[in-house]
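Novice: Spelled out from the first residue to the last, the chains are:
There are 2 protein chains.
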Amino acid sequence: MSGKNIFYAQSGGVTAVINASACGVIETARSHLELGKVYAGRNGIIGALREELIDTSLESDANIAALRHTPAGAFGSCRYKLKGLDENRAEYERLLDVFKAHDIGTFLYNGGGDSQDTAHKVSQISQESDTPITCIGIPKTVDNDLPITDNCPGFGSVAKYVAVSIREAGLDVASMCESSTKVFVLEVMGRHAGWIAGAAGLAAEQEGDAPHVIVFPEITFDKAAFMAKVKDCVDKFGYCAIVVSEGAHYEDGTFLADQGTMDAFGHAQLGGVAPALANMVKEELGYKYHWAVSDYLQRSARHIASATDVEQAYAMGKAAVEFALAGKNAVMPTVVRESNSPYKWHIGEANLGDVANVEKKMPRDFITEDGFGITEKAYEYFAPLIQGEDYPPFKDGLPQYARLEKHLAEKKLPTWNE
Amino acid sequence: MSGKNIFYAQSGGVTAVINASACGVIETARSHLELGKVYAGRNGIIGALREELIDTSLESDANIAALRHTPAGAFGSCRYKLKGLDENRAEYERLLDVFKAHDIGTFLYNGGGDSQDTAHKVSQISQESDTPITCIGIPKTVDNDLPITDNCPGFGSVAKYVAVSIREAGLDVASMCESSTKVFVLEVMGRHAGWIAGAAGLAAEQEGDAPHVIVFPEITFDKAAFMAKVKDCVDKFGYCAIVVSEGAHYEDGTFLADQGTMDAFGHAQLGGVAPALANMVKEELGYKYHWAVSDYLQRSARHIASATDVEQAYAMGKAAVEFALAGKNAVMPTVVRESNSPYKWHIGEANLGDVANVEKKMPRDFITEDGFGITEKAYEYFAPLIQGEDYPPFKDGLPQYARLEKHLAEKKLPTWNE
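First to last, the protein sequences are chains A and B.
According to our numbering, the stretch in the first sequence is residues 1 to 418, in order.
According to our numbering, the stretch in the second sequence is residues 1 to 418, in order.
Don't take every hint at face value.
Same chains, same label: a pair holds when it works inside one copy or across any pair of copies.
For lysine-lysine, the following PhoX-like pairs were computed, each having C-alpha atoms within a straight-line distance of at most 20 Å [unchecked claim]:
#1 Lys-361 / Lys-229
#2 Lys-406 / Lys-236
#3 Lys-100 / Lys-344
#4 Lys-377 / Lys-361
#5 Lys-344 / Lys-395
#6 Lys-81 / Lys-288
#7 Lys-83 / Lys-236
#8 Lys-288 / Lys-83
#9 Lys-406 / Lys-288
#10 Lys-100 / Lys-412
#11 Lys-412 / Lys-4
#12 Lys-411 / Lys-100
#13 Lys-361 / Lys-231
#14 Lys-236 / Lys-395
Quick caveat, the hints were computed from the structure, so don't treat them as lab data.
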């Protein structure tokens, strides 16, 4: 570390516990007197380019502690991917200029695969400059698709949300199916990996429990097999509760409901597979249906967060600071699972170069042979990740979330031309 | 009461707390030795017609107690409206035959306006027969649209769910709006009355908090005014979080998203106004959007139920039994509000004839002048109803809900020809 200050940024889609990682970073840095300030990027890495650095030293201890139970990205996040070094070296140089101007020697980047790629590149280019920067990744993604780490902070809470939700909605449909809705479809996130959809399977404890059918992005959608499964389920149990991943697709790769728009990373923006699938069932089998799309509700549902997830998110933030203090560079703390029952884990590390741009999908043996459920192996993997409740404080019936001051550090450089 | 047994049935769309009313009925009946058994209709009133009576005396005390924290309709509900007396007198006579065969003197009907109408008719016709039945309604509807009662069990919990959800999703959008989603639309239930949409307004404590715009069914949708409001909001706060009632409609009565299908009561089946509205915003203003449709999740979300709602639901069930014991007939217990702060209420009563088929809408002075928000008066009305948390027990990370035995009483009559 050449500078004594830390730059921390949140990146990509937020989660129920990314602020718990921020809390881990800031509280740990505050406990080390040899460290300077933690600056947080206003709206993520964009804040570094614009030299909009939130001075977290001006936030009260109580406010920082409240981050642990506050969902979404308290400092602002962004969908902004730095281009390759050859394409836009100027962006990387600007980052280094801002870091140098604010005596920043450590860059902690809290995000998914794209973000770990960026942190890796910053690390590489800074080694060639006179201001080497320690770059540590902090894992975050609801999709649970990062490699190496056993699981990813943010996932356990969305897993708990979808399992709780399908259990509750399943009871609702079961109540009504004799004379009304027989098929219910819940759409969940998971662009290419079915971890979230799979975790919904935790809700089923006995035969006949919801969810009865899970549609994974890892399994090519077979309409005939799907319809046969739904019909069989309605015949047997009177109703069918379905969980479908937004990434469910046909053999040619077409999503079941492709909106045809792209996000900033060039990924197709999805949504609407639930109504598409529900309509398909109505046409083929004639059942009355209902559908739900949780969208952001699932990833921001801090009120039903997994205590395990909160603990791990905090621990990852803490470990990132400790890694930097220990002289490590271009690495990311990971969760290493020791055992399922009792659940034991410790912190490991991965090289950023190995994490960047790799998507970890559900192993085939986590999915039942017919492709519509989870196996015992998957159950054992998922179960520990949703353990424990960690309710936020409530006031007047509503959860109380942190409201930060977000004072910006004084600018020292010319304005950045975006 | 001519017979010593009670028949209890759940009707219409279920809620997070209708089983708390069932718990109140059964626990209260068990405490009165002069009363016989409580039979519950399997799948509601259909169970009476089919002589499918669940003998609740065979359920353990623990299972009955667990109903208090179990969402949906544990005995099964139905969307089945008895026709008028002139059109189908046979159905009413069948009910009376079944009641007589099982020594049932009291009919407790747990439902909304349609159900109170049915209970009222059963009461009327039974007076003309040799087996008068005591008919007591138990209010239930997430829509909060029953008259006379200050509020309706089921509503407080869905109100809490939507307020918590839009607060959390609002923080998510606020985090991302600089470079990504700027408009978020959450669709909530409420066919003709905007109580649920309005309650979402509780989430906004300070200027700039979500939700920024509420679209009510009570206010004709004015597209130009709506777009101006959304644009103003994005300009001011960077993003706009919208809550829209499924019943939002244009001046000619067309719903913003009419699926064109009807439910058993002849009501249009709605759904999909969120994507419709989001697309409209994209076309008019060009903002990137996301949308969510909670559907059944909102009304089954027992994990985030309002403690006040649970308490009132239980109290209504208890009161219904006590009313019957006191010799009352053709009435429904109600919530009578004494004061907002501190919140005080007591149990009143309404004649079923006054409750049946009346829809209580949001008063105009609960909605701001521009039609897109709630007033202080509305806030004072809503606030007490979401107070307190009443978490269900959790095991292995998931809420544990009652699994009843549901043993049917032996049939004594010929099969009913439906």
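Novice: Hint by hint, which ones does the structure fall short of?
Specialist: 1, 3, 7, 8, 9, 13 and 14
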